[in-house]
Amino acid sequence: MGVEAARLALRSSNSSNDTSPDSLIFGTALPSYADRSNATAIHAALRLPAGVPAFDMGSSVGSATAALRLGLTSGGSKLVVLSDMRSGLAGSADEAAGGDAAAAFVLGEGDAVVAEYLGGASITEEFLDRWRAPGEIRSKVWDDKFSEVTYVKAGRSAYASALTAAGLEASQVDLVAVAAPTARIGSALAGKLGATKVVDDLTTTVGATGAAQPGLVLANALEQVEPGQVIALVVCADGAEVIFLRATDAIARYTPARSIASQLDGGAPLAYGRFLSWRGMINVEPPRRPEPARPSGTAAARSGDWKFGFVGSRDTTDGMVFMPPSRVSFDGTRTDEMEPAPMADVVGTIATFTVDRLAYSPSPPIVFAVVDFDGGGRLPIELTDTDADEVAIGGRVEMTFRRLFTADGIHNYFWKGKLIRG
Amino acid sequence: MASHGIRDRVAIVGMGCTPFIENWGKGLDDLMIDAANDAYASAGVSKDDIDAYWFGTAQSAMSGIPLARALQLQNKPVTRVENYCATGSEALRQAAYAVASGAYDLVMVVGAEKVKDTGYQGLNAFPIANDGTARTLTAAAMFSMIVPAYGHKFGVDDDTMRSVLTHIAAKNHYNGARNSRAQFRKEISAEQIEKAPKMAGTLGVFDCAGVADGSAAAIVCRAEDAHKYTDKPIYVKALSFVAGNGSGLIDPAYDYTTFPEIAACAVDAYAQAGVTNAREQVAMAEVHDCFTPTELVLMEDLQFSERGTAWQEVLDGVFDLDGELPVNPDGGLKSFGHPVGASGLRMMFEAYLQLRGEAPEERTISSLAAGRKLALTHNLGGYPGEMVSFISLLGAELD
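Those protein sequence lines, which keep their order, are chains A and B. According to numbering that gives the first Met the number 0, the first sequence is numbered sequentially starting from 0. According to numbering that gives the first Met the number 0, the second sequence is numbered sequentially starting from 0.
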């Protein structure tokens, strides 16, 4: 999700600025790995230059805001990616109210800036709101009411300090976007801030999305703000964080690559049993076939541009596109006369397809298609977020970065196709 | 640069073939011993008469040692061969060339696979270290992609395509019901075939070959020596092999209605054997019916049917046991299952029986009596877009 959000953010901002950010900062409360970086997989999938550092911020909900705050205040250009999956035991309030999401922002200076940072403030509180040991799926909460009282107090205090820091009167704030552990805490605090308009925190549609939520509500505010208007982003996480932004004239020209509303419209129902199996809450009988072997670390390192960046090769003589990349031409006559062929943003058409009810998948059955890419290149590849009865010859497909499976603790990331609807 | 072939220079003078079943009671050694002993007996030779051995197994063993140990061979060269699902055929091809070269006088080929000791369903390739980006689809799924592509290209509607695939499955089970060595020995009705659980795409259980353990063996010598061992030698007319370069997986020009590797292999095989009209000259074919749509496409790639017409000819019964050109008269992979290292030799065993007039009466084909003289065996390994192909042509008479 982080990769996908970052791709959309870069696509949205690329119309006016196509240079790489100075650094990548990834914030999540649910890192895929300890000890090794999680941000580097995003870095690789985005094909950022090796000289651009990739930092992890974790592993609390508040780390997301830290990533945003650091990005806004440290100068230079940053790509900030916030991503989270919320878990909870079956039947729990967290399960019902939680959501998975990612948001990404390109931060920098210049004419392309759609909202400028005016100032902000923090209140840091050490108190037991909610907690979870690493690896556990269930967060525990000490007392909802205690949390609410503490967050409302911290939020109001931080808001007042931030107004001062930004040189604003409360009446100059047009939109308030609040991210809080629960919808109830968020609305309780929002009601006390005297804002003209409170932005939908998406808790009734997406859910409470943890570390991603500050990004999600800010993105939602940016999609509706008018030039000159002031946005307050208020985040409740181990205290409170307030950030003020003013929309520039550039916001009028800004079109998100994929709006939140369009993504909500594109949703599809998910059976509860399937949700539970995806979450690892119930074990589903696997096919009586070998499970996938762990990917080779050294082989993956050699093919990083393909595996993570989805870059094939293009024959410099005849233009033939190879996926995966090839050193030798299609007719076998020439070696090493290739150039990179980035295919992640190229769409394609289904030549033929099938549904595999036998093969191992975290989400059986596998929907699979032979995809011919616009401008050349073919790859037989698994489709995701696609029902078997939707697939047909001629269907259009875009690429999305996914985890295929995990073996020996190694997350096997690669690309899947996804049906373009409508 | 040419494929000269070894037409009429080498003969098969003895064969053995075990039943192909889920053989819980026999291991790889037992299967190889049974097939080899039958082959020795059929050629009237002893173990020591054999100069060299070729051992085809995809993944039941490595090196020549397992065969040498099982048969207790005394200081014999044993070459282990692997080439996907064409492994058994490839082993015979190598052995035949060794004889044709003059390096040996009398050699044996043993193909064997012990599939059912894994506890898994289907055939599963052992993992080779990779970057995690290779597809992990089942073979059933890969071959099922032929169905929509073929129907779309040639304007065959879904119901008709289903009837074509059902006809192929029913035909092969009809033939297999008449073969004591086959795993599945029951005729299967169209209704049973079409109501079976779906495996991949539109393919149900009866569209897929089974899985079995088995072994088959052949004894090969130079053609001029053949009558030392048997009155009814089977002469090798052609041995052709193509290893695909995977072009179909990367080339949008490939449309999943043909197997170009097999079409090219067929051209070479027919040239080696001097066949100018396969549809009229081939008396029978044992083809790689791993899945029913595979057999459909093979009828065109092997030049039995014009492009886009095999579906109609299947429905017309051209390839039935009593048809003009019987295909898989022994029941095929559908009835036998597919012990990879043995299947190619099992196909040749049926050709050997039919050409020698030794097939049981209930599955004796009439095309030989009608004057046709050649039997074709065909193996493929891999998937649409990326496969190996083997074709042999065999005959009971020297040209």
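One or more hints might be untrue.
As the list claims (entries may be wrong) - Taking lysine-lysine and the DSBU-like style, the derived pairs with C-alpha atoms no more than 30 Å apart in a straight line are: (1) A:Lys139 x A:Lys191; (2) A:Lys415 x B:Lys152; (3) A:Lys417 x B:Lys152; (4) B:Lys372 x B:Lys231; (5) B:Lys185 x A:Lys417; (6) B:Lys185 x B:Lys115; (7) B:Lys197 x A:Lys415.
These aren't lab readings, by the way, just hints derived from the structure by calculation.
Requested in this report: Verify the proposed pairing of lysine 197 of chain B with lysine 415 of chain A, using a straight-line Cα cut of 30 Å.
Outcome: OK: lysine 197 of chain B and lysine 415 of chain A at ~24 Å, within 30 Å.
Query raised in the report: Given the hinted pair lysine 185 of chain B and lysine 115 of chain B, is their alpha-carbon gap at most 30 Å?
Result: holds, 21 Å
Query raised in the report: Are the Cα atoms of lysine 372 of chain B and lysine 231 of chain B separated by 30 Å or less?
Result: Distance ~14 Å between lysine 372 of chain B and lysine 231 of chain B Cα, so the pair holds.
Query raised in the report: Holds or violated: are the alpha carbons of lysine 139 of chain A and lysine 191 of chain A at most 30 Å from each other?
Result: Between lysine 139 of chain A and lysine 191 of chain A the Cα gap is close to 27 Å, so the pair holds against 30 Å.
Query raised in the report: CA of lysine 185 of chain B to CA of lysine 417 of chain A, is that 30 Å or under?
Result: violated, 43 Å
Query raised in the report: Between lysine 417 of chain A and lysine 152 of chain B, is the straight-line Cα distance small enough, at 30 Å or below?
Result: holds, 24 Å
Query raised in the report: Hey, lysine 415 of chain A versus lysine 152 of chain B, does the alpha-carbon distance stay inside 30 Å?
Result: holds, 26 Å
Against the hints set out earlier in the document, a violation occurs for number 5 only.
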